Each structure stands twice: as structure tokens, then as C-alpha cells.
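Going down the list, the protein sequences come from chains A and B. The numbering used here puts the first residue of the first sequence at 1, with every later residue one more than the last. The numbering used here puts the first residue of the second sequence at 1001, with every later residue one more than the last.
No wet-lab data here; the hints were simulated from the structure. From a predicted model like this one, the values you see are computed outputs, not experimental measurements. Among the hints, a few may not be true.
[What the hints assert, rightly or not] In silico lysine-lysine, DSS-like type, Cα no more than 30 Å apart, as pairs:
id : chain 1 : residue 1 : chain 2 : residue 2
1  : B       : Lys1006   : A       : Lys215
2  : A       : Lys235    : A       : Lys61
3  : A       : Lys235    : A       : Lys105
4  : A       : Lys197    : A       : Lys61
5  : A       : Lys256    : B       : Lys1006
6  : B       : Lys1006   : A       : Lys228
7  : A       : Lys215    : A       : Lys70
8  : A       : Lys105    : A       : Lys124
9  : A       : Lys252    : A       : Lys235
10 : A       : Lys153    : A       : Lys124
11 : A       : Lys215    : A       : Lys228
12 : B       : Lys1006   : A       : Lys162
13 : A       : Lys89     : A       : Lys215
14 : A       : Lys153    : B       : Lys1006
15 : A       : Lys136    : A       : Lys197
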Amino acid sequence: MKKVFRSVLTAMCVLGVASAPLAANAKQMHELRFGVDATYPPFESLSPSGAFQGFDIDLGKAICAELATKCVFISQSFDGIIPALQARKFDAILSSMTVTPERQKQIAFSSEMYNEPTALIVKKGSGLTPTAASLKGKTVGVEAGTIQESYAKTYWAPEGVKVVSYPGQDQVYADLLSGRLDASLQDSVEADYGFLKTPRGANFEFGGDVTYDPKHVLGSYIAIGVRKDDPELLKKINWAIAEIHKKGIYQKIEAKYFNFDVYGAPSKNSMN
Amino acid sequence: MIDIIKQYGLAYLCWDGYHISGVAMTLWLLVLSCGMGFCLALPLAIARNARSAVIRFPVWLFTFIFRGTPLYVQLLLIYSGLYQLNFVHQHVLLNDFFRQALNCTVLSFLLNTGAYTTEIFAGAIRETSHGEVDAALAMGMSRVTMYRRIIIPSALRRALPVYSNEVILMLHATTLAFTATVPDLLKVANDAYSATYDPFDAFTLAALLYLCISFVLIFAFRRAERHFLAYLNP
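Here chain B stands alone, though its shape is the one from the complex (with noise of 0.2 Å):
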């Protein structure tokens, strides 16, 4: 285990080099990939509860796609897939985007926690009780202030504890990463079984380091919790 840290301790944690590696590129897609989800699936989530099926059937489907078919399905889909199409490889600005395995990793990841986001996201927004939405039309708020006011912050807080969930396995599931190349801290941990070839130490070590993600995660999630669902205690 001392040989391994010592002679890839900074790869695992930073830099193997040339790139950036291990538990900084895990939380760099784990960033992107969380933050962008989120921004799709807010507006993505109103859109899922619109009365006209016209809006609401398209998400219906983008959320059933990608809740319905495997992570590592749709990230070679778009990594080996997109790239072999001929209009990708034409257009100057697709071909320098599809070309770099990161963009298309963060791309992939992305649209699947925004799925599931979404659908989080949504069914917190049905479950607002009709006395906030009641109130607040007794105010004369319009649908978009209600929304922004009302709804939003509300259903927001009351979907966190399952959204903290979903960034949790959001962290699991860039483990997948490396089958696009992209040098994560699951790829340094092969690394150094491939060169020790002592996998116990090797991965052992990259288990700890994950556990240390999701514990400042599940830590940082709690005191939000405490801090935004405070009108729940008894």
C-alpha cells in the first residue's frame, strides 16, 4: 500500500503527468455533469407537469429513454456512435466538440442525472399541497410568479433528500468514465494494478477515496437538509 501512494499517490488525487487524473477529474465530471443536470431539469420538470400533452409528451420520452436504458449503453452510443455519423464529422464545431471523449462523457452523464433529475424534480412539483398553490392565488400571484415564489423553492426543498441520493450515484456511475478514455480515479487504480499487480492495495485505496467523496457529499447534503427543510422538525 506505501508503494502505491507513494509512487501514485498524486495521480490518484490530481495529476498523472499530463493530465488531470483521479479524484479531481472524478469531481469534475461529477460537477458537470450534477450542475448542467440540474439546469436541464428544472425547466424540464415544469414542462413534464404542463397541462398541454404537447409539451409534456416530449419529455415523457426523453425521461423514459434515458431512465430505460443503461448509462454505459447511451455513453457509447454518444461517444463511439455520435462520432462515426458523416454530418458530425462535416460540421466543424460538432466534430471539434464529439472529438474530445470529455465533452462526450459530460454529454452523456448529463442527460441521464438530468432524466432522473427531472422526474425528481417533477413529482416534488405535483406534490405541492393545494394550499400554498390556494394561498397564493388568493394573493392574485400570476402562474409565473407562483411558480418562481411558491412551487419552485418549495418542491426544491422537499425533493432533497431523494436528489442528494441521485448525486450520489451520479459519483458511482463516473466510474464508467474510462470506457471513453477518460482517465478518472477508477482508471489510476487499474494503473496501479497493472503495474504492482496488487489489485487488493490498489483498489482498496480507490474504494476509500470514493467513500471519502460520498461522505463530504452525504455531509454537505444533511446540513443542507437541516438548513432548508428546518420547518419539518418537530
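Chain A with its partners taken away, still in its complex shape (with noise of 0.2 Å):
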């Protein structure tokens, strides 16, 4: 009886090394967690039945499968989520979180997980586009705390254009939709799904992609967000994030939810 335990033993140590090559000279994880801001289809979000669903839920369960872990998600709203990490809630923040100089100075980010531009959503036929010269005199809104109300209130409350800032995403959309607002800033691939899509968006369309930004205001890509002090844990994850492109898992998850690359920078044009 012994002598069958043993070897096992032996034989899932041996496994275990050869499954997880990077582990091996590492402790091994027993368990990675998300925290996650469970509002932003389709990236994340809850299904009916309570459970996380999501293109970002979908590449963290194929980073755990790289990492042979096991995966949990945690909710966290977006505004404390940082604060979160530091506590040591969770290990990682996987949750459309866009790398900017100031959050970098808090958290360490991973390799790029995707990447989408900031768009403006104005009424059919209004003719605005996402340039202050343009929204000149109206009114438009934000989420407060995003890098969409950074961008709004650098480059066009200067230039008389009003720029509301809302607690909640869910809040712009309902007074774009009263007609309180003349267009909104998000980001893109959200506002698209998130908005656009349903019923409710139907009067509503793309005012196009917001391309000046000589501050850097709107940041670089969407990644994993890591405490500093765990090199280790960024490590596997960046490794983690290569061998689902390579082995063209990513690609899969990909065109389970969008028709386009959202990897690269997608442009509007190939939203229809």
C-alpha cells in the first residue's frame, strides 16, 4: 500500500513539472484571484445565474489552465479596486483596466491583454465628432474616475465644451437617453455591445474614435494589473498571456465575442 502511494506521489510530482515548466523552480500556486468589476459587458459581467462570464473571465480561466492553478473571481467595484489589490483581496486585477502613468505608479501591469479606443456615442444624425471644436457649447458626459473624464476635462473643458462627470457608466447612458446630454465618452468596444447593440441605443451612433491625445491622457493598452512587490506572479502571468497566443487560445476566445482584432487597435470602421 505504501509502496503504490509512493509512487504516486512520484508520478504526479513528475507530471506536475513537466504541465507547468516555468512552476518548477517556483512554489507552486495553489489558486490565482481575479478581482473583477463585474459591470462592463462584454468584457465582464454576471450572468442570471450569478456566475462571472466575459471576455476577460474567458482569458483569465485560459491563463489559470496555462498556469495549472485553480481560478477565483472576486467582485470589486472599479473605484476601490486598486485599494483592493494593495490590501491583498486578491492577487490580480483583470478587469478592462487600462495602463496609465498614474496607476503604474501604484501597480505593476502585464503584456497587453487587448486594446480598445475611447469613442464618442451621439444621436443619429447630430453630426458631432470627438474634437472640441466640434462639441463647442454642449454638453457631454463622462463616468467619473475614468480616463475618458481625464481626456474630457484636459483637452475639451478648457475649450468651452460642458463635460458632466457621473458616478456610473449605467447614468450616462440613461440621460443621453432623457436628451440631458449631447454625446458621451467611453470606451469603445463597450459602448458598442454595452449600448449601441440593445434596443435602447437605437437612436444613438458612433461619433467616431478619439485620436488626439498629444498628453497621453487615455494611456496605452488593457492588462493585468499586479501588486509590485509580486515580480513573481507578473512573470507567470506575462508567460501565460505568450503561450495562449501562441497556441492561438486567445484567438479562439477572440472570435467567440467580437468580429474584429481586438488585440490590434480596432478602428470604427470595423464595427459597423
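From these two lone chains plus the hints, build me the complex, please.
Structure (C-alpha cells):
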């Protein structure tokens, strides 16, 4: 009996080492806990049964599979997500977070997960475009604490555009519908799938992507956030991201959600 | 803390670069809602004590509804709800009024504090001592003169301690303004928090500023009480 037990144990060790070459010299992870703000379909949201779902969630599961650990998702509102990471409530942030210099002072970021531009939503036929000249005297809604709020306040407010901040993206859409707002500024894919493609968004359309950003307010790409004192985990996640790209898992998950390349910056035209 | 004060000090106090914000906005909300609430409450308090049920009942209903529901719900109804209605959109004046977030916020605040203040004043009017009323009647005063000279001044004096409480509660209620996008003190604190990810400093600074405002209010009401309620001193 003892002999059988030992051989099984040995076999398990060997298998474990073989399947996770990177983890071989580090201590084995039991689970990887991701902090998620599950209010951003199609990236992360809760299914009617309460399970986490979305593009980010599938990518997170694929990363966990590569690292051969258990995946745990923990709900956390976006504005408190960085303090919660620092407080070790979870190991990494997986929540459509764009890399910005301000955030990089607080936490470290993985390599790119995907990239989406910031886009303006306007009423159909209004002809507004995301430039200060076009929006002068108009009212534009943004969600507080987002890079879009920083953008609108940096470039547009000084030029006479009325920028109104809302506690949540839902309220921005509500006031866009009621007519208080002439336009709203947010991530383009979230706007497309979360608003324009729903029945509520029938009378609205894209006013265009934001391209003018000399001060780099909008940051670069979207990535996983990790505590700065945890470089080991960052290395593993980066390795896993590279692996899922190499093996074509990323492309398979991407095809499930989008009909365009969300890894390279998508342009407005490819989004119909 | 120093960094936050350096970067957001002005926004905390009065100006975020494009709008009035912070303490100035909070005080503006407080003055507008309490001032107009007071003007609304005084006639309603008299009507609340009217002999005729036709006058009394609508005022009772108003205070019952606005004291019986949370201010947050009232704000949402007025800010989001009313502006969805068709006739509000079509009417030019109503449309202009409800389009502005500040108007909606002040309207809901003044109705709410007006309802509470009405009950405070109505209670004080009811408690007016019979002697004062008898004396006024013996002097041959008409009802209007009696209210103007005797009942209202005396009721307002006696309501002062309770009313000061209501004003301070209203100061705390102004923190709801940001749910209707008005950039009050708490919104600036939230901005500072989301920029620095330092909740403790950002909100401590806001708490200190609220304390300062409360302190000034309490001090002013204490002075007013000493002046107007001097006759109660032993």
C-alpha cells in the first residue's frame, strides 16, 4: 500500500513539473484570485445565475489553465479596485483596466491583453465628432474616475465644452437617453456592445474614435494589474499570456466575442 | 495629505477649474435649499394648524410623503424621473429648468427640508401657550395681527434648537448631490481618491471640512439661541 502511494506521489510530481515548466523552480500556486468589476459587458459581467462571464473572464480562465492553478474571481467596484489589490483581497486585477502612468505608480501591469479606443456616442444625425471644435457649447457625459473623464477635462472643458461627470456609466446612458447630454465618451467596445447594440441605443451612433491625445491621457492598452511586490506572479502571467497567443487559444476566445481584432487597436470602420 | 492639498486644495474649497465645486458648492446647496425650504415651511406650518380639514389635509399629505420617503429616492425621481416625462420636454420653461442638474437637486432638497421644517414650525405653533393667545385676543388683535406679532415670533424662537438640528442634517444630506452630477465636496474627495488611490487622506480632508462647516453652523445657532431665547435663562 505504501509503495503504491509513493509511486502515485512521484508520478504526480513528475506530471506537475512537466506540465508547468515555469513553475518548476518556484513554489506551486494553489489558486489565482482575480478582482473583477463585473459591470462591463462584454468584458466582464454576471450571468443571470450569478456566474462571472465575458471576454476577460475567459482569458483569465485560460491563463489559469496555462499556469495549472485554480481560478477564483472576486467582485469589487472599479473605484476601489486598486486599494483592494494592495490590501491583498486578491492577487491581480482583471477588469478592463487601461495602463496609465498614474496607475503605474501604484501597481505593475502585465503585457497587453487587448486594446480598444475611446469613442464618442451621439444622437443619430447630430453630426457631432470627438473634437473640441465640434462639441463647443454641447454637454458631454463621462464616468467619474475613468481615463475618459481625464481626457474630456484636459482637452475639451477649457475649450468651452460642458463636461459632466457621473458616478456610473449606466447613469451616463440614462441621461443621454433623456436628452440632458448631447454626447457621451467611453470605451468604444463597451459602448458598442453595452449600449448601441441594445434596444435602448437604437437612436444613437458612434461619433468617432478619439485620436488626438498629445499628453497621453488615455494611456496605452488594457492589461492585468499586479502588486509591485509580486514580480513572480507578473512573470507567470506574462508567460501565460504569451502561451495562449502562441497556442491560438486567445484567437479562439476572441472570435467568440468579437468580429474584429481586439488585440490591435480596432478602428471605427471595422465595428459597423 | 500634503500632495492632495497641493493638487486639489482649490477644488476642495471652491473652484475645480470649470465649475464652482467643493465647500462653495456644498454651502450654496445648503443656503438655497434651507432658505427656500424656510420660506415654504412658514405658510405651510400655519396651514397645517388650520381649522378647516380642506387646508390641513394637503399639507399633511405633503409632509407625510416627503418625510416618509428617503431623500435619495426623491432626488432620483425628480432628477431622472420627471425629465423623462413628455410634457416636461415639450414645455420650454420646464425643459430648461429640469435640464439643469443643480435645479433638480435644489428642488428635491428644498421640498424635503421644507417638509421637515413645516412639521417643526407647526409643532411650535401648536405649543404656543394659551396665555399669550388670550392676552392677544384681550388686546383686540385680529387673527392676522396675532399671528404676525405673537404666535409666529414666539414659535420661531422656540423652534430654533430643533431647526438648527435640521440644518445640520441638511448639510450632511448635500453629499447626495453628486448622484445628480452636482460637484459638491464629496465629489471632489472622490476625484482626489480616484487620482491618488489614497482613500484615507482624500476622505479625511473632506470630513475635516464638513466638521468645520458644522462647527460654524453650531456656533451661529448657539449665538442666535442665546439672543432669541434669552428670556428662558434662569
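Can the restraint linking Lys197 of chain A and Lys61 of chain A be considered satisfied, given a maximum Cα separation of 30 Å? Roughly 27 Å separates the two Cα atoms, so the pair holds.
Hint consistency between Lys1006 of chain B and Lys215 of chain A [alpha-carbon to alpha-carbon, up to 30 Å]: 21 Å, holds
Check the hint pairing Lys1006 of chain B with Lys228 of chain A against an upper bound of 30 Å on the C-alpha distance. 26 Å, holds
Agreement of Lys256 of chain A and Lys1006 of chain B with the hint, judged by alpha carbon distance not exceeding 30 Å: Violated: Lys256 of chain A and Lys1006 of chain B sit about 48 Å apart, past 30 Å.
Mind checking the alpha carbons of Lys235 of chain A and Lys61 of chain A for me, to see if they're no more than 30 Å apart? 17 Å, holds
Given hint Lys105 of chain A paired with Lys235 of chain A - CA-CA distance at most 30 Å: Holds: Lys235 of chain A and Lys105 of chain A sit about 19 Å apart, inside 30 Å.
Verify the proposed pairing of Lys105 of chain A with Lys124 of chain A, using a straight-line Cα cut of 30 Å. Violated: Lys105 of chain A and Lys124 of chain A sit about 40 Å apart, past 30 Å.
For a C-alpha distance cap of 30 Å, please report whether Lys215 of chain A and Lys70 of chain A respect it. Violated, because 40 Å separates the two Cα atoms, which is more than 30 Å.
Decide if the proposed pair is consistent with the structure: Lys136 of chain A and Lys197 of chain A, CA atoms, cutoff 30 Å inclusive. 28 Å, holds
Need the status of pair Lys153 of chain A, Lys1006 of chain B: alpha-carbon distance at most 30 Å? At roughly 19 Å apart (the allowed maximum being 30 Å), Lys1006 of chain B and Lys153 of chain A satisfy the hint.
Under the criterion that the straight-line Cα-Cα distance not exceed 30 Å, is the pair Lys215 of chain A, Lys228 of chain A satisfied? 25 Å, holds
30 Å limit on alpha-carbon distance, applied to hinted pair Lys153 of chain A and Lys124 of chain A: Cα-Cα ~25 Å, so holds.
In this structure, the hints that do not hold are numbers 5, 7, 8 and 13, in rising order.
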